[in-house]
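Trainee: Please model the entire structure based on the sequences and the hints provided.
Add 2 to the 1-based position in the sequence shown for the working numbering, that's all there is to it.
Hints are computed from structural coordinates only; laboratory data are not their basis.
Model, not experiment: these values are computed from the prediction.
Where hints are given, some of them may not hold.
Claimed, not checked - Taking lysine-lysine and the DSBU-like style, the derived pairs with C-alpha atoms no more than 35 Å apart in a straight line are:
| # | residue 1 | residue 2 |
| --- | --- | --- |
| 1 | K114 | K168 |
| 2 | K139 | K149 |
| 3 | K289 | K250 |
What the hints assert, rightly or not - FRET-style restraints, in silico, Cβ to Cβ:
| # | residue 1 | residue 2 | range |
| --- | --- | --- | --- |
| 4 | T332 | T23 | 49 to 57 Å |
| 5 | E158 | K289 | 49 to 57 Å |
| 6 | Y163 | G55 | 29 to 37 Å |
| 7 | G311 | K41 | 43 to 51 Å |
| 8 | T332 | D18 | 24 to 32 Å |
| 9 | V203 | V337 | 36 to 44 Å |
Cβ atoms here follow ideal geometry from the backbone N, Cα and C, with glycine treated the same way.
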Amino acid sequence: MTHAKNIDYTPDLTSDTYWDTHHICAVRVTNLERDQERKEQISYRVVRQISEGPMETARTVSLSELWFGPGDIDPPRASVNDSLILYYAKQGPTPVVTTIIFGAIEDFPRVKALVQIARFRANEGGMQALSEGIFSKEAVVAVYSLKRLLSRPRFEADADYISRLKTLRANERGEAQVRTLASRLVDHLEGRDPNSEQDYVWLEAAFAETREPDWMLLRPFVDRLLEFRAKRAESVAYLTSLVKNQEKAESIRIAAYGSFDDPRLFNFNVPDAESELVFATCIGMLKDNQTLIRGAGAALLHNLSVQIGLPAKQGYVQRAKASIEAAVATESDEVVRSQLQNYLKLFSQ
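Mentor: Printed below as a string of structure tokens:
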């Protein structure tokens, strides 16, 4: 099977549905050869089965079926006796998501995490083990545990446990998804609505004050904010204010404007006051002191306006073009000017 290398096949190891539908195992490469069409292939034997259900203990697959992660254009070379973690669908054609194991299989952190999740799925240790799993240093184990607890009826938790949970939520070095799910679990255990006012207020503060430099790791904060449908107007005002604030960290601003084309935020069918605030913020981004933000403003103006429904679309397209044209006339950075001009060309296509 051939597959597009630009598709992200990253396993959702925190989802029971993924575990139910995929084989997960640690294997050792036993042979490298070419098939009759001279295509490279590897043979392997399973050393540690991790997911449930019957599984072939030895297989031969084309090297082209292996996917080593996003940006997998020139994949690593597998050698005989290499150890790998493989993930592939139980039914139908599937890429084989592949992680290279360094060192002993049982000592490899991801293998340990997978084995721990498999034990939770087998109910080893019961609720006690699962409820402690949320404090794992392995984020994938913590997120799996949090999701599983949130999907179950409320359980009794003493004050010490809830205090530890709040400490987990407050940990600025913790991953955003762990922190947002921990906040939800606090509400769950204290008997509040799943989208409580307390959780929303905490989210706003946590996102605005984070020190995480990687904007992609901040996306869970924004995704969680957008789940509060009744607070759309407040979320629009909050997110646009972060983008406008040139004193804020670049990662926060990028994560915030990354939500602008989300239909939960921007009403593409009939743009309203909130949509207008988002659009106006994008126009303002063209004058930002950071080149990255100016380029992003042009990209957003193009991408938003072309998705807007008739009859409003034409007006927004004209406003976007006029704003970008004005920005081109004053842009001092050659790279950004080229970006702006490129978006103007896209409008005419």
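Trainee: Please go over all the hints and tell whether each is borne out by the structure.
Mentor: So, going through the hints one by one against the coordinates:
At roughly 26 Å between alpha-carbon atoms, K114 and K168 fall within 35 Å of each other, so this suggested pair holds. With a CA separation close to 16 Å, the supplied pair K139 and K149 stays within the 35 Å bound. As the CA atoms of K289 and K250 are separated by approximately 16 Å, the hinted pair is consistent with the 35 Å bound. A hinted range of 49 to 57 Å holds for the C-beta pair T332 and T23, which are about 54 Å apart.
The hint said 49 to 57 Å for the Cβ distance between E158 and K289, and at roughly 55 Å that hint holds. Between Y163 and G55 the C-beta distance comes to about 34 Å, which sits within the given range of 29 to 37 Å. Range check, G311 to K41: about 47 Å between beta-carbon atoms, so the 43 to 51 Å window is met. One distance hint, 24 to 32 Å for the beta-carbon pair T332 and D18, is violated here, with the actual separation near 54 Å.
V203 and V337 have their C-beta atoms about 40 Å apart, which keeps the hinted 36 to 44 Å range intact.
Consistency with the previously given hints fails for number 8 only.
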